Structures are given as structure tokens and as C-alpha cells.
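Following our numbering from start to finish, the sequence shown increments by one per residue and tops out at 177.
Keep in mind the hints are simulated off the structure, nothing from the lab.
Since the structure is predicted, the reported quantities are computational estimates derived from the model, not experimental observations.
Fair warning: there could be bad hints in the mix.
Dumping the calculated DMTMM-like pairs for lysine to aspartate or glutamate here, alpha-carbon to alpha-carbon at most 20 angstroms [stated by the list, open to error]:
| id | residue 1 | residue 2 |
| --- | --- | --- |
| 1 | K77 | E165 |
| 2 | K57 | E173 |
| 3 | K77 | D90 |
| 4 | K60 | E165 |
| 5 | K77 | D119 |
| 6 | K168 | D63 |
| 7 | K60 | D162 |
| 8 | K57 | D119 |
| 9 | K155 | D118 |
| 10 | K115 | D90 |
| 11 | K169 | D90 |
| 12 | K168 | D150 |
| 13 | K155 | E173 |
| 14 | K60 | D150 |
| 15 | K77 | D162 |
| 16 | K168 | D118 |
| 17 | K169 | E68 |
| 18 | K115 | D63 |
| 19 | K168 | E147 |
| 20 | K155 | E165 |
| 21 | K155 | D90 |
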Amino acid sequence: MVLPIVVIRLGAPNSFWSIAPSLIGFIGLAFTVLNFAGHPFRLRKCGKVLDAYPLEPGTVTRIGKPTQTHNQSFYTLDVGRGDGAESCRVRAVEPQGLNRWPKGADDGVYIAGDLAFGGVIVVPGSNALLLMRPEPWDDAGPKRNAAAPDRRERAKKAGIELIPF
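Please construct the entire structure, taking both the sequences and the accompanying hints into account.
This is the structure in C-alpha cells:
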């Protein structure tokens, strides 16, 4: 996008052909913003969750096929903590937009977060992340409202007290 400005400053004539490369640059910038705008925010949210919560062993089971949007795949999962202590249905998304199910996720995962608010699933071996939230979000509302104040404060610190994605 800057090339035409530099070329014109160096003495090239100001014509359509000297400005045309900037149009291609603007189209590329628009494509990038539309397709990848949410990914850095999702990665930052994963980092905040991992700072606020420890990783605990868990299991995931995929339910049905992933839901596709124009640039993202959402998975419906049954997530359980170790030894059947806690389980719930969640909706998960890969924050980098890779749109593939992580290899090794069916063999066991690590979970950080509070299942009533959401969290992160880490797949060992593949170094994959999945950002998750309860599914459907509104049905988990009573659990969130009944949560102790320290749980709500911790979820707020991690940025998952509201719909995470």
C-alpha cells in the first residue's frame, strides 16, 4: 500500500498504473481484517484463562459434526473433569482459526477454567488449544448466578464471565 507513495515521491508520474498496487494492498488488508480479526483476541483470552486457572486432566467427546461459519468451525463437546467429578456440554472453537479437530484430543485433554463460565481445553502432544463456553449459554445462567463470589471474581479476572466468543 505504501509502494505507490514512495514511487511517486521518487519522481514517477502520478497515474493510475502507479497507484494500482495500493488498491491490491487495500483489498488484501480488508480480506485479512474480515477473516482474522477475532483470532488475536481469542488467543489473549486463552492466555488470561491459563493465568487464572490451573490445568486439570479431563476428557472430551465430540457431539455431531462441527458448525461452520465463513471462517471458523465450532464443535459441540461433552467435557468431563477427572474421575467424573464434573461434566457439561460446551461449545468450543480453535482460537487460531485452523478449522480442524486436534489430533489426540480423544485420548485425554487438560482443562483450565470453570465449566459454568467457560475455559480452555489443552490437547497434550499436539499443543492445540480450544476456547470453550457452556452450550447453550443461557441454560448455564443459574449455575453462574449461584456460583460463590470468589468463583465469579476469578471468572471475571480470566475474562470468561461474559460470553467468551
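Hints versus structure:
{"no.": "1", "hint": "K77 to E165", "verdict": "violated (34 angstroms)"}
{"no.": "2", "hint": "K57 to E173", "verdict": "holds (11 angstroms)"}
{"no.": "3", "hint": "K77 to D90", "verdict": "holds (13 angstroms)"}
{"no.": "4", "hint": "K60 to E165", "verdict": "holds (13 angstroms)"}
{"no.": "5", "hint": "K77 to D119", "verdict": "holds (19 angstroms)"}
{"no.": "6", "hint": "K168 to D63", "verdict": "holds (12 angstroms)"}
{"no.": "7", "hint": "K60 to D162", "verdict": "holds (17 angstroms)"}
{"no.": "8", "hint": "K57 to D119", "verdict": "violated (25 angstroms)"}
{"no.": "9", "hint": "K155 to D118", "verdict": "violated (27 angstroms)"}
{"no.": "10", "hint": "K115 to D90", "verdict": "holds (17 angstroms)"}
{"no.": "11", "hint": "K169 to D90", "verdict": "violated (25 angstroms)"}
{"no.": "12", "hint": "K168 to D150", "verdict": "holds (17 angstroms)"}
{"no.": "13", "hint": "K155 to E173", "verdict": "holds (12 angstroms)"}
{"no.": "14", "hint": "K60 to D150", "verdict": "violated (23 angstroms)"}
{"no.": "15", "hint": "K77 to D162", "verdict": "violated (36 angstroms)"}
{"no.": "16", "hint": "K168 to D118", "verdict": "violated (30 angstroms)"}
{"no.": "17", "hint": "K169 to E68", "verdict": "holds (19 angstroms)"}
{"no.": "18", "hint": "K115 to D63", "verdict": "violated (25 angstroms)"}
{"no.": "19", "hint": "K168 to E147", "verdict": "holds (19 angstroms)"}
{"no.": "20", "hint": "K155 to E165", "verdict": "holds (14 angstroms)"}
{"no.": "21", "hint": "K155 to D90", "verdict": "holds (17 angstroms)"}
The structure does not agree with the numbered hints 1, 8, 9, 11, 14, 15, 16 and 18 stated previously, though it agrees with the rest.
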